[in-house]
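> Listed below, chain by chain, are the residues.
Number of protein chains: 2
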Amino acid sequence: MLEDKNPSKTELRDLGEFSLIDYLTKDFKLKNDSSLLGVGDDSAIVKHGKNPSLISTDLLIEGIHFDLSYMPLKHLGYKAIIVNLSDVYAMNAYPKQILVSIAVSNRFSLEAIDEIYKGIQLACKNYNVDLIGGDTSTSVTGLILSVSVLGTVPKNKIVKRKGARENDLLVVSGDLGGAFAGLQVLEREKAVFNVNPSSQPDLSKYSYCIERQLKPEARKDIIDLFEELEIIPTSMIDISDGLSSEVLHLSKASEVGFHLFEDKIPIDPIVSITCEEFKLNPLTAALNGGEDYELLFTINQKNFNKIKDHPYLTIIGHATDIKNGCQIISGLGQQIELTAQGWESFSKK
Amino acid sequence: MLEDKNPSKTELRDLGEFSLIDYLTKDFKLKNDSSLLGVGDDSAIVKHGKNPSLISTDLLIEGIHFDLSYMPLKHLGYKAIIVNLSDVYAMNAYPKQILVSIAVSNRFSLEAIDEIYKGIQLACKNYNVDLIGGDTSTSVTGLILSVSVLGTVPKNKIVKRKGARENDLLVVSGDLGGAFAGLQVLEREKAVFNVNPSSQPDLSKYSYCIERQLKPEARKDIIDLFEELEIIPTSMIDISDGLSSEVLHLSKASEVGFHLFEDKIPIDPIVSITCEEFKLNPLTAALNGGEDYELLFTINQKNFNKIKDHPYLTIIGHATDIKNGCQIISGLGQQIELTAQGWESFSKK
Numbered sequence: 001m002l003e004d005k006n007p008s009k010t011e012l013r014d015l016g017e018f019s020l021i022d023y024l025t026k027d028f029k030l031k032n033d034s035s036l037l038g039v040g041d042d043s044a045i046v047k048h049g050k051n052p053s054l055i056s057t058d059l060l061i062e063g064i065h066f067d068l069s070y071m072p073l074k075h076l077g078y079k080a081i082i083v084n085l086s087d088v089y090a091m092n093a094y095p096k097q098i099l100v101s102i103a104v105s106n107r108f109s110l111e112a113i114d115e116i117y118k119g120i121q122l123a124c125k126n127y128n129v130d131l132i133g134g135d136t137s138t139s140v141t142g143l144i145l146s147v148s149v150l151g152t153v154p155k156n157k158i159v160k161r162k163g164a165r166e167n168d169l170l171v172v173s174g175d176l177g178g179a180f181a182g183l184q185v186l187e188r189e190k191a192v193f194n195v196n197p198s199s200q201p202d203l204s205k206y207s208y209c210i211e212r213q214l215k216p217e218a219r220k221d222i223i224d225l226f227e228e229l230e231i232i233p234t235s236m237i238d239i240s241d242g243l244s245s246e247v248l249h250l251s252k253a254s255e256v257g258f259h260l261f262e263d264k265i266p267i268d269p270i271v272s273i274t275c276e277e278f279k280l281n282p283l284t285a286a287l288n289g290g291e292d293y294e295l296l297f298t299i300n301q302k303n304f305n306k307i308k309d310h311p312y313l314t315i316i317g318h319a320t321d322i323k324n325g326c327q328i329i330s331g332l333g334q335q336i337e338l339t340a341q342g343w344e345s346f347s348k349k
Numbered sequence: 001m002l003e004d005k006n007p008s009k010t011e012l013r014d015l016g017e018f019s020l021i022d023y024l025t026k027d028f029k030l031k032n033d034s035s036l037l038g039v040g041d042d043s044a045i046v047k048h049g050k051n052p053s054l055i056s057t058d059l060l061i062e063g064i065h066f067d068l069s070y071m072p073l074k075h076l077g078y079k080a081i082i083v084n085l086s087d088v089y090a091m092n093a094y095p096k097q098i099l100v101s102i103a104v105s106n107r108f109s110l111e112a113i114d115e116i117y118k119g120i121q122l123a124c125k126n127y128n129v130d131l132i133g134g135d136t137s138t139s140v141t142g143l144i145l146s147v148s149v150l151g152t153v154p155k156n157k158i159v160k161r162k163g164a165r166e167n168d169l170l171v172v173s174g175d176l177g178g179a180f181a182g183l184q185v186l187e188r189e190k191a192v193f194n195v196n197p198s199s200q201p202d203l204s205k206y207s208y209c210i211e212r213q214l215k216p217e218a219r220k221d222i223i224d225l226f227e228e229l230e231i232i233p234t235s236m237i238d239i240s241d242g243l244s245s246e247v248l249h250l251s252k253a254s255e256v257g258f259h260l261f262e263d264k265i266p267i268d269p270i271v272s273i274t275c276e277e278f279k280l281n282p283l284t285a286a287l288n289g290g291e292d293y294e295l296l297f298t299i300n301q302k303n304f305n306k307i308k309d310h311p312y313l314t315i316i317g318h319a320t321d322i323k324n325g326c327q328i329i330s331g332l333g334q335q336i337e338l339t340a341q342g343w344e345s346f347s348k349k
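As they're listed, the protein sequences go chains A and B. Here the working numbering is used: the first residue of the first sequence is 1, the next is one more, and so on. Here the working numbering is used: the first residue of the second sequence is 1, the next is one more, and so on.
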């Protein structure tokens with residue numbers, strides 16, 4: 001579970017910046033017609049035809065966003081790309097290109113960075129995106145990744161956070177809270193390992209939750225489904241900070257309130273069991289845990305029949321007049337005002 | 001000269017991530033028609049019409065790329081943008097949008113970050129670019145900035161590193177070595193300050209060099225000039241790592257050699273005097289210093305008359321057969337093979 005102690009280590013100082021870029025990107029071939037020029041010049045070049053370009057960027061910092069004591073480097077590379085792709089899917093668009101900047105201290109060998117790029121390459125393959133640029137640098141201490149993503153879609157299909165209207169259905173893909181439950185397991189095992197490095201825990205019963213934390217996927221399949229069902233959501237966001245926080249974002253941008261039904265929020269039984277083991281309310285994990293990278297969106301009620309029995313989609317509520325605010329309604333009919341306790345990075349430290 | 005000890009300090013933890021983004025970007029209005037959607041959704045949206053989009057990204061890390069003991073925060077914000085814009089001008093294109101990600105530790109107040117954004121805003125104004133997105137985060141220790149830039153130009157005007165042909169003229173804008181000389185002055189003053197904090201040095205005679213280091217500009221004017229003179233360079237790169245390194249890049253990408261004439265390399269007299277004070281060869285500062293953000297390009301000889309007397313442009317050599325390699329030719333006619341001793345970040349630490 002812990003970082004691979006690779007026996008073959010190449011010092012970065014023996015390589016130089018330019019050859020590092022060459023080395024890391026040599027197996028990345030451009031696949032998309034819209035990727036006109038990749039790594040190796042002052043700028044990369046893309047052309048999305050007559051359609052607009054979408055762009056998003058994320059910064060991932062060791063000790064803040066990830067912990068290398070349980071995050072394998074290949075998974076880190078994979079996840080760094082996924083979280084960015086998710087931002088483009090959340091606009092109902094398709095990511096096409098990424099740029100990756102990486103800064104590492106000298107405690108990282110070439111082989112370690114190569115592992116990160118193997119994860120990046122796998123994400124590029126699975127989601128059909130091209131690596132077209134980036135930057136490499138030393139860091140003072142830890143590892144820093146900065147990823148930018150470019151995507152495209154015909155203008156009339158773009159879905160923003162703004163656009164939900166009263167009575168629209170509120171829908172979520174997949175299930176929630178798993179990534180947070182997985183994090184609890186990993187943090188506990190890290191603590192156990194620190195006390196007893198020879199412990200050999202059986203983590204197989206947690207594998208779903210651990211995978212949700214270490215190797216999340218972006219919901220490209222849902223965007224494909226919208227196309228197939230001829231649905232354009234009225235508003236959409238991806239769930240990176242927890243359901244509460246994302247509902248409040250849609251509410252603020254769309255100027256509507258929301259009713260959420262507690263017993264509709266999709267939580268996998270394994271997540272519930274794991275949460276109970278940690279004396280956590282599974283609903284809290286779903287509402288405030290974050291990092292699930294599912295899609296939260298609103299659709300006009302006329303589309304109800306198209307999605308009502310879909311195994312990957314759950315209707316969890318509906319939009320209301322903004323005056324009602326955002327309310328979560330318990331099984332007994334009690335209304336509780338929704339507040340964001342999502343992952344707010346500055347309040348944490 | 002040292003970091004402003006601002007009397008009014010607002011703790012970042014009192015603000016939260018979402019309000020920080022709102023706060024920092026509230027005065028940035030979109031100016032370009034191609035900026036369709038800015039800060040506030042999962043992705044930003046741009047549309048460069050029928051022209052391709054250029055994209056570049058840079059990571060700037062405290063303690064590696066800048067030293068806050070002599071770099072005012074507003075200048076840091078300005079320079080972070082300039083170095084990115086320069087990468088787009090180096091393709092003969094115009095930057096239109098930027099995304100800025102910032103990570104800071106709690107030793108930074110809101111007012112400090114605001115100063116950085118004032119510099120970013122000034123660069124946006126001076127170069128007519130829009131801030132359309134980014135990310136904010138805490139860092140474990142220092143300040144990290146990641147900037148991505150998008151630009152555009154008609155496809156037939158794009159200039160790459162590849163494209164120089166034998167006998168093309170090698171031309172550089174402005175003068176070289178100033179940023180490196182400025183760095184020497186600032187490092188010396190930092191050392192003096194550490195010994196005697198009450199010293200009041202007169203730095204006025206170094207102001208040109210210090211400005212080259214702390215507040216560089218990108219050569220938009222040269223791109224405008226190409227348009228006016230109807231010149232499309234055959235290859236181009238910006239000088240971020242030092243002239244040697246950039247000549248070698250053009251050579252490698254274009255598969256040509258170069259002859260550079262030592263006595264043609266433009267060095268400001270103030271830079272020469274400052275270098276001599278530090279017992280540095282001014283030529284070394286020009287060849288290996290870096291951070292001048294001038295443009296280095298090749299043009300067909302037929303364009304000689306258009307540029308020969310231009311005050312901002314200097315012909316410093318010409319392209320040769322690749323078999324000759326890259327040679328610098330001294331005033332006495334001696335040939336010395338050019339080697340890159342530019343800023344290679346991994347070999348430094």
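Check before you lean on any hint, since a few could be wrong.
[Stated by the list, open to error] Now the stretches of chain A that chain B is said to cover, found in silico as 3 or more residues with beta-carbon under 8 Å:
1) 53 to 65
2) 139 to 150
3) 269 to 279
These aren't lab readings, by the way, just hints derived from the structure by calculation. C-beta atoms are modelled at their ideal positions from N, C-alpha and C, and glycine is treated no differently.
> If a hint holds in the structure, say so; if it does not, say that too.
Consistency of the hints with the structure:
1. 53 to 65: Satisfied; 12 residues make the cut.
2. 139 to 150: holds (count 9)
3. 269 to 279: violated (count 0)
Taken one by one, the earlier hints fail for this structure only at number 3.
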